[in-house]
Each structure stands twice: as C-alpha cells, then as structure tokens.
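**Student:** If you want the building blocks of each chain, they are given just below.
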Amino acid sequence: MASFPTRETTRLLMDRSVPGRVGAILPDCDVPFQKLPDQSLLRAELDLPEVSEPEVVNYFTCLSQLNFSIDTNFYPLGSCTMKYNPKINDEVAFMPGFAGIHPLQPAEQSQGALELLHRLQGFLGEITGLHAVSLATLAGAHGEFAGMLMIRAYHQARGDTARRKVAIPDSAHGTNPASAAMAGFDVVELASDKNGNVDLEALHEVAGPDLAGVMITLPSTLGLFDTNIVEVCKVVHEAGGLVYGDGANMNALLGRVKLGELGFDVAHLNLHKTFSTPHGGGGPGAGPVCVGETLAPFLPAPVVIHQGDSNGAAYNLAEPEHTIGKMSGFHGNFGVLVRAYTYIRTLGADGMKEISGNAVLNANYVMQALKDTYYLPYDRTCMHEAVFSADWQKSRGVSGLEIAKRLLDYGFHSPTLYFPMIVHEALMIEPTESETLETLDSFIQAMRDIDREISENPDFVRQSPHTTPVSRLDEAQAARRPDLRWKREKPFL
Amino acid sequence: MTSSSQPQSQASSKSNTGNGHFQSHYIPNTPDEQNKVLSALGLSSIDELFLDIPDSFRNPSLNLPGPLSELEIQQELGALASRNRPLAAGPSFLGAGSYHHFIPAIVKALVTRGEFLTAYTPYQAEASQGTLQVIFEFQTLVCNLFGMEVANAGMYDNATALAEGALMACRVTKRSKVALSSSLSPTFQQVIRTYCQAQAIETTTVPTENPGIDGDTACLIVQYPNYFGYIEDLAKQSDAAHVEGALIVVSTDTTALGMFNPPGELGADIVTAEGQPLGIPASFGGPYVGLFATKEEYIRQMPSRLSGRTVDTHGKTGYVLTLQTREQHIRRERATSNICTNEALYALAATVYLAAMGKQGMRQVAELCYHKAHYAAAAIAALPGFDLPIDGPFFQEFVVKCPESPTEINRRLLERNILGGLDVTNTIPDGMLLCVTEMNSRQDIDALVSALAEVA
Amino acid sequence: MNPNDRKYSKEHEWIKLDDAASGRATVGITDFAQDQLGDIVFVELPKLGANVTLMGKMGEIESVKSVSDLFSPVNGEVVEINEALLDHPEIANKDPFGEGWLIKVTVSDASEIDALMTSEEYESFTSGQS
Chain C
1 MASFPTRETT
11 RLLMDRSVPG
21 RVGAILPDCD
31 VPFQKLPDQS
41 LLRAELDLPE
51 VSEPEVVNYF
61 TCLSQLNFSI
71 DTNFYPLGSC
81 TMKYNPKIND
91 EVAFMPGFAG
101 IHPLQPAEQS
111 QGALELLHRL
121 QGFLGEITGL
131 HAVSLATLAG
141 AHGEFAGMLM
151 IRAYHQARGD
161 TARRKVAIPD
171 SAHGTNPASA
181 AMAGFDVVEL
191 ASDKNGNVDL
201 EALHEVAGPD
211 LAGVMITLPS
221 TLGLFDTNIV
231 EVCKVVHEAG
241 GLVYGDGANM
251 NALLGRVKLG
261 ELGFDVAHLN
271 LHKTFSTPHG
281 GGGPGAGPVC
291 VGETLAPFLP
301 APVVIHQGDS
311 NGAAYNLAEP
321 EHTIGKMSGF
331 HGNFGVLVRA
341 YTYIRTLGAD
351 GMKEISGNAV
361 LNANYVMQAL
371 KDTYYLPYDR
381 TCMHEAVFSA
391 DWQKSRGVSG
401 LEIAKRLLDY
411 GFHSPTLYFP
421 MIVHEALMIE
431 PTESETLETL
441 DSFIQAMRDI
451 DREISENPDF
461 VRQSPHTTPV
471 SRLDEAQAAR
481 RPDLRWKREK
491 PFL
Chain A
1 MTSSSQPQSQ
11 ASSKSNTGNG
21 HFQSHYIPNT
31 PDEQNKVLSA
41 LGLSSIDELF
51 LDIPDSFRNP
61 SLNLPGPLSE
71 LEIQQELGAL
81 ASRNRPLAAG
91 PSFLGAGSYH
101 HFIPAIVKAL
111 VTRGEFLTAY
121 TPYQAEASQG
131 TLQVIFEFQT
141 LVCNLFGMEV
151 ANAGMYDNAT
161 ALAEGALMAC
171 RVTKRSKVAL
181 SSSLSPTFQQ
191 VIRTYCQAQA
201 IETTTVPTEN
211 PGIDGDTACL
221 IVQYPNYFGY
231 IEDLAKQSDA
241 AHVEGALIVV
251 STDTTALGMF
261 NPPGELGADI
271 VTAEGQPLGI
281 PASFGGPYVG
291 LFATKEEYIR
301 QMPSRLSGRT
311 VDTHGKTGYV
321 LTLQTREQHI
331 RRERATSNIC
341 TNEALYALAA
351 TVYLAAMGKQ
361 GMRQVAELCY
371 HKAHYAAAAI
381 AALPGFDLPI
391 DGPFFQEFVV
401 KCPESPTEIN
411 RRLLERNILG
421 GLDVTNTIPD
431 GMLLCVTEMN
441 SRQDIDALVS
451 ALAEVA
Chain F
1 MNPNDRKYSK
11 EHEWIKLDDA
21 ASGRATVGIT
31 DFAQDQLGDI
41 VFVELPKLGA
51 NVTLMGKMGE
61 IESVKSVSDL
71 FSPVNGEVVE
81 INEALLDHPE
91 IANKDPFGEG
101 WLIKVTVSDA
111 SEIDALMTSE
121 EYESFTSGQS
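Protein chains in written order, with this note's numbering: chain C, 1 to 493; chain A, 1 to 456; chain F, 1 to 130.
Isolated chain C, as found in the complex (with noise of 0.2 Å):
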C-alpha cells in the first residue's frame, strides 16, 4: 500500500452516490422506439450507485493499494503455489481472437481456440502421465467433484454399487471430503504414519469390497513424497478401488515424476497453482482433470478432438462416450487455459524440470535455515513445501495465528495456517522457484525477529499486526450480527 495518505475508501458506493452523476454514456437509441411492454411488468426502482468515472476509477484504485499481492509481497503460503504470474499470459488472454469469441459460434469460427485447448490436453497428459484430459472442470475443488462422479460412474457400470467408501487421509485437504460427499460417497479418513506417508495397515483395513477408491494428495500436505505411494495404488487396486490424484502440489513432482506411472488413475491439476495464472483475490482457476484408460469415456464434457467434420473443422468439441455430464456452462475457464498454455510454451520441457528443482531447492533452504527457530516435525528433506510447527513459541504464550498476523507488518503474508490438522499449529511454508534467495533470507530473518520477540515483548506480538490498514478484525460480532451489504437504514457515520 502507498506509504503516504490517499484518497479515502470508507465510503461505500452507495454511500457516494449523488443523483444525475452518470459513469458511462451510451449512444442514442438508432432505431425507432418499440411498444414497451405492460408497466406492471417494469421495475419502478433501481438501487444502484449514480457516480461519475473518476470516482469510480480512484476509488477502486485506492481499494487496490489496500492489499497485499504476488507483485507487492511474498507469499510463503504452502500448497497454493503463490509464484509470479507472468504478464505475457495476460496478454494473450486479451487478444481479442481469444477474449472475443463467442463459445456457441460454430467450430470453423474458433479453429485457433480449439487447437490451442487440444494442445493443452496433450500437454497436461504428458506431464502427468494420464493421457485423457478434459479441460470443462472451473477450479480444483470442480475437478475432484467430477474425479469422484467418474469413480462412482466407473464402478455403477460395472455394476458394482456396493462400493459406498472412499478413503482420505487426515491431512486432506477440506474440499476433498467435501467432493466425495457430493458425490454420494461415505468418506472414511486414512491415517498417517509417523513418516506423514499413508499407513498402509490402515490402508489394508479399508481396502475392500466397499471401497470405491482414494483421494492422494502428492507430495502430501506435509510437503513430502510418499515413499509408499506405489504400494498404495496397488493395494487399492487389488481390492477393486481407483486412486485419485490430488493435483495442487504438483510444482513439486514437474518433470520429475508421472502420477499416471505410480498408479494414478485419475487426477486434477491447479493451473491457477503450479501454471502461474493468477489467484484473482479468490479467483478464476481452472481444476482439468486428467485420467488414464480406464475412465476415459466417462470424462466430463466436452473435451477437445481431432478430426475432421462436414465442414472441414479440425478441431471440435464432443462428448465422452459415457461422460459424467456437463459440469459448466460451457467449456471450461478458457481465459485461464489460455494463461496456462502460455506458461508451457514459455518454460517448455526443461523448464518444468527448472521449476519443480527449484521449488524443492527453496524449500529446503528455507527450512533447514528455521528449524532452530521453529519446531520442524518431519525432519527429512521436503519437497515444495516445508511443514513447521508453531508450538515452542506456543509454550511461551504465541500462537501461529499470532505469529503470521506479526509477519504482516514484516510485509510477509504469511505462511498457510493449522492445515494439515494433523500438525499442531501448523505453519506450511512454500516459496516457489520465483523468489530470489535474498527474499528467501529476509523472510528467515522477520521468522527469526519475531522469535526473539515473542521473548522480548509477547503482547506486542499477540496484538499484531500494528501497520496494516486495519488492526485485528472482530470476526466473532461478524459472524454472530452478519452485516452482509449496505443497507439504507444505516448510512455510513
């Protein structure tokens, strides 16, 4: 944020509202008036803002400078892969023959689209090894809906529809259990072991004829490679289940591994993660997933093909044999396929292997450099990700909350919190190959000073962050009043 005063923002739009200010002028109406339809068919009253442009303009601009964001600050933040997001792929993303075109236009109107998503099948096919891909899944969370329809889809064709279970381990993250749900399934959680590797007696206790299949998330949500993963996707297997890929740590496995290679046989990618399109404040993201042989017919629709038509169009959309359905609108996030086709072609082969080598480089410079300071629970090298514990501090009255509203005022976001849950005050810290080793060292340094804060003057801390726009938010009366929009019975003071 600026570091001298701006224009104010706590006025909402409402609130500057003054009638007869217009923001936009249209043209006059070219053709001539038609009979307007009954007025009690017509809204009498239209509450929105009447501002004028630059109004509009500094208000939004100030409301910018009031976050923290990739460009502005590093974000430690594990498992959302938080590396620059190149401006390029915007670029490309605004070419008006990509932003302009309508999806329902017919197929030899968008040739230069559909191959460039047919690519992006094939690209994301071979780095994961799972060489079915569809593209129609919006977000992560959207891709292991459809993963888990496609399980469910898979076993009910063959007329299995006793398998009702599937298995997570504990340190899933939430819309796992939340996708399975949604598709109908019990979910049954998989412990860990003391390694953080799935333990495997548990597997074996839950891989029946009940068990539709796993939910993996690799490297796991304590940054580490399974070391038993293999003997994991046969166990399930042999017991007549599917293993699902949870793809949002891939930044790890680049080039280095093919999920389809270890037994995967379904998986969804993050390209708003490990393919640098940008997190948006919330979004869009894009969540293809990816399968082997096995469910390919069952993939959500569309997918992209290669072959010609009456009308000589190339490429076209069409719809899996026995597709799960549409899960969107239309085709898919286009505007971030686009983004993340881009990246590919920017880092091509020996790229990815550039980027996965120096993610986990990163990461461990970053966690051997704290593991004096914080409490490391899993002592073995790590690979994107390094997962800490915030307990030695906690034992001196500072929690990992605490301590990452602190790393604000350093200009860190900070890392992800509580998650895993099953590490007590968790803090999982992810670089990315984008960030520079002097970053790196004034982060380890701000972990460092808050340490020896925490000693010297533990209130300070506990009360922070003290340099952001707002101090310390009351999320209680938020959640027990919720004051959800602007109201006119309560104008702003």
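Take the hints with a grain of salt, since some may be wrong.
[Stated by the list, open to error] PhoX-like mimics (lysine-lysine), calculated; alpha carbons at most 20 Å apart, straight line:
#1 LYS234/C / LYS165/C
#2 LYS57/F / LYS47/F
#3 LYS104/F / LYS394/C
#4 LYS57/F / LYS174/A
#5 LYS36/A / LYS371/C
#6 LYS57/F / LYS104/F
#7 LYS371/C / LYS394/C
#8 LYS10/F / LYS47/F
#9 LYS258/C / LYS353/C
#10 LYS258/C / LYS234/C
#11 LYS353/C / LYS36/A
#12 LYS47/F / LYS174/A
#13 LYS94/F / LYS65/F
#14 LYS94/F / LYS16/F
#15 LYS36/A / LYS87/C
#16 LYS47/F / LYS104/F
#17 LYS295/A / LYS174/A
#18 LYS177/A / LYS487/C
#19 LYS487/C / LYS316/A
Just so you know, the hints here were simulated from the structure itself, not pulled from any lab data.
For this one, chain C is given, so just place chains A and F on it according to the hints.
**Tutor:** Relative to the frame of chain C, chains A and F by itself:
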C-alpha cells in the same frame, strides 16, 4: 566454464546453454546460487532432492516442445488467435447464455491492477481489505439488482450456481425432488442433473403452464426471461411452488433487470444469474462469474464465501470472510458445497461495471437492447418464410421460425460475415434463437434482415 | 471448577436434575467446551416438544473457526429452549454453567443421569485432553 559476466550467445540463450542448464526469465536462481544452496544442504545436485521418488519412476522423459522466447510466444499465440472470428469482426447475433455487451475501458484497467489480479483469497483479512470491500460492494449490488436480501461472493458461473441452488433447496426443505421448467436452458438442465446425479435427487422436466408441484418437491427452477428470451408469469410460478411448501429458484438476466421487475419482488427464494454481461468478455465461455442470492433465513445453507462488515480493535470499520463454518475448509464433508476458489476477479469486474453504468446506465442498456431486439424481430417476421412462433413479451432474445435449416442459413450468413443466432431445432423446428444488444447498430440489424431475405 | 450439583458427558455437556418428581432437567455445555470452541457465534437447538435420544445429535454449536455437534446426554423430551442464547450465543462463553444453558428436558429414565460422570471424574477426563 564461462563466467557469468560474459553473456552467452543470444541465439542460444534457451535450452541447452552448453552446460545443460536452462535459465528461465521467471526463475532467478543461477547455477552458482543453486550450488551455494546445495553445498549448504550437503548435496551435490538438485536431483538428490528427489531421491524419495522410486528409481524406476524418477526423471521420466517429458515429450513437450522446448521453451519459447516472449517474441515467439506473441507470434505463435497471435497466429492461433487470428484463426478465430471475434464477435466484433462483424454483425453478431448470438446469445444463449453468453452476451455481447459494451465493456467500459475502466473495467480492464482496474481488473488488471496487480494488487487485485495477483492477490490471494482474503483469508488474512488485514492484508486483503481491498478484495473484501469489493466483495461487500458486489454482494450489495447483486442484492439490489435482484431485489433479494443476501448474496454471496459469487460462484463459477450461472449453470453451476443454479445447480447449487437446487442442492440448497433440497437441504432447506429436506425434500429430494427438483422440478425443471421446460423453458429452462437445456445446458442448465444438464448441469443440474450432473450435480444431482449422486445425491438421490430426482430431477424432472415439467411444462411451464402446469409444473405439477407436490408435497415432495423441493423446488421449481425457472428462467426469467426464459431460455428463448420471453418473460413468463413469475409471480404465478412462485405461488405454484409456495402453496406446496416448495421453493422457487430463479435464473435471471442482469441486463433485463435494468427494466423488468426483480425476481425478489415476485416471490423468489433463490436467484442466480450469469455475471458475464456485467463487464466480462465472451472469452469462449469462461471465466465468468455466477451470481447467487437468497433470503436471510436461508443464509446458513448458502454456499460460497461471504464478506461481512465488522470493526477492528480500534473500532475502525473493516471487512472479513464470515460464516465460514458453512464452507469446506471447516465443515469438510458436511459443507454446504465443496467450492473453494471461485471467480473473485470477475466479481470485481462486475462491481466496476455496475458502478460505472449505475442506475442510469443499466436502464439505458436495457432499453437499447429491448428496442433493437423488437425492431429486428418485427423486420424479420415481415420476411416471407419467417415468423415468430412464441407469443408474449420478450427482452433481448427471441425465436424466429426459419423457412429452412437455421444451421444452413447461418453458414450463408457467415459468408457475409454475419454471425447468426443459435439453432434450436431440437425444441422448435427450424427455430433460431437470436440475440440483439446495444452492440448491434441499426446498420447491423438491417444487414441481417437483408441477408436473411437473400439467403433463405 | 466444575460444579458438583450436576453430571457430565464425554461430549462435554452437563445435565442437572431440577425436579426428581417430574424428571425435569437442564442441559448445557461445560466451561472446557466453551474454551475449546472459542467465541461462540451460533447455536442450533432442537425444537420444543422434540424427542432427544441418548448420544444422538440434537443440534450444533458454531464458533468462528469450527462447528461441533451437540449430543443429548439422555433420552427425553424438550420442554424449554434458551431463546436468549439464540440471539446472544456469547452467553454460553460467559456463563456456561448458568445463563448459558441450552435446553430443559423431561427425562424418561433418571438413572441415565446417574450413569454419567461426576465433576471429579469429568475433571480427570478433561485433564487428559489438550
């Protein structure tokens, strides 16, 4: 070994620099820096960090093309983009869920600010007041547009928002039958079915006149204006649902609401809409943003994020994600939805658009679309062989019955650089669903009419 | 710390028999529970006249960052609910053993209350937890 002060030959700065290393411009670490870190870790190569991956699976061959410079990227992607016909290339009359509307320049200028574009989800509220206040504004304006009490921070798109609305209605009423009006977009019906298939929810398509709601129906889902562009009697539909204790879920059109009664005043319990017409380009179908609003009494069953206003420790107003216990990161398998990442950047775009257009602009856009669409409809209906098979008030879309296959007609229109409407023969024989907006000049419309007169 | 005039369940609820003749009892959550939950923001209670079952889910209690099920410590019928708590859930944080009561029930079988933990037993039960 070349020293870092002597540049490599520019022509070979990409893959294979001679020492087996590719220095990407997105990755700062040089080989020297990597070696420094490796030594500190007691390792001699990056490969040693990956030894947990079993030997036989490690370092697979990766059959991807080599890296490209930004210059080559511009050329390649420019070439791909040039093989697509943008809506602005000539008169375009295609709608059916994605609409060609005017986008003020300030939308892109604000949406591409790095502080919005590259920000993370606002879980750390003190570092995200920009995003959170925008969401609060978005929630406000959506409520005002819809005439509803509470709106969420947005969902993936209208189709999925509607599907989540169906699931929510089942949770609220504790019933498991969903009635889909036959004039609801076929795509919406498909997506709702995809979402309901695994949850023992029965979906049935029902006639608009006699929807057949009973005591087992959780909700009736209607579209206003309907898929074909026509305004049905929403108040009557609401009553038909409510009298049986069912909810009414309404998919509406944001541009139409610049003119027509909002669904909240006609009995709607849940309202969704596509946010794309609000400052978001067609972009081959995505990203868009689904708008979702409901009544306060159902708030705990509503999916997706909510930004709530509160105060900080000094009493200063601030915004924070609230009622998070509905969501997956807390409730996991018992969450209202699995949704996590949604479409925040496009909620911002919609908010900027609504702020710029405002009360006057939204009305003007609606009226322009209305008059132009009706002008076009009348002119086409006057052509021999064409007529309007559906009666009733419509907004910016309408159906014409063509003298022959609409797909064939469209092919000939494209030869004249005119993009025609959607072939809806599967519901209305030889029907074409045309859309006319403020982006269509009178010349555009006259060109369409003359072309239809010639080609059909 | 935990009052002696009532019994405790493993789900961190207490139940106090108000009147042995009618079997009328009051149910609430313990101080340990409210401390674990943090700021309570919402409570969902069963309806008046509803039957609650032993160890059956009877409602939910939400804090800012968590949601927990409420389980009935006995079989019975709900005869009163704490309306004040619905509007001001924070009362359960401030006075969990008094004003923060959840429901009043008539228990069908008072021996179900005897089977629960005494305050000393509950004390040792909770000291084993974080």
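**Student:** So, for every hint listed, does it hold in this structure?
**Tutor:** Outcome of the hint check:
no. : hint                : in the structure
1   : LYS234/C / LYS165/C : 18 Å, holds
2   : LYS57/F / LYS47/F   : 13 Å, holds
3   : LYS104/F / LYS394/C : 39 Å, violated
4   : LYS57/F / LYS174/A  : 17 Å, holds
5   : LYS36/A / LYS371/C  : 19 Å, holds
6   : LYS57/F / LYS104/F  : 16 Å, holds
7   : LYS371/C / LYS394/C : 16 Å, holds
8   : LYS10/F / LYS47/F   : 23 Å, violated
9   : LYS258/C / LYS353/C : 12 Å, holds
10  : LYS258/C / LYS234/C : 16 Å, holds
11  : LYS353/C / LYS36/A  : 19 Å, holds
12  : LYS47/F / LYS174/A  : 16 Å, holds
13  : LYS94/F / LYS65/F   : 18 Å, holds
14  : LYS94/F / LYS16/F   : 19 Å, holds
15  : LYS36/A / LYS87/C   : 30 Å, violated
16  : LYS47/F / LYS104/F  : 11 Å, holds
17  : LYS295/A / LYS174/A : 17 Å, holds
18  : LYS177/A / LYS487/C : 36 Å, violated
19  : LYS487/C / LYS316/A : 19 Å, holds
Hints 3, 8, 15, 18 from the earlier list are contradicted by this structure; the remaining hints agree with it.
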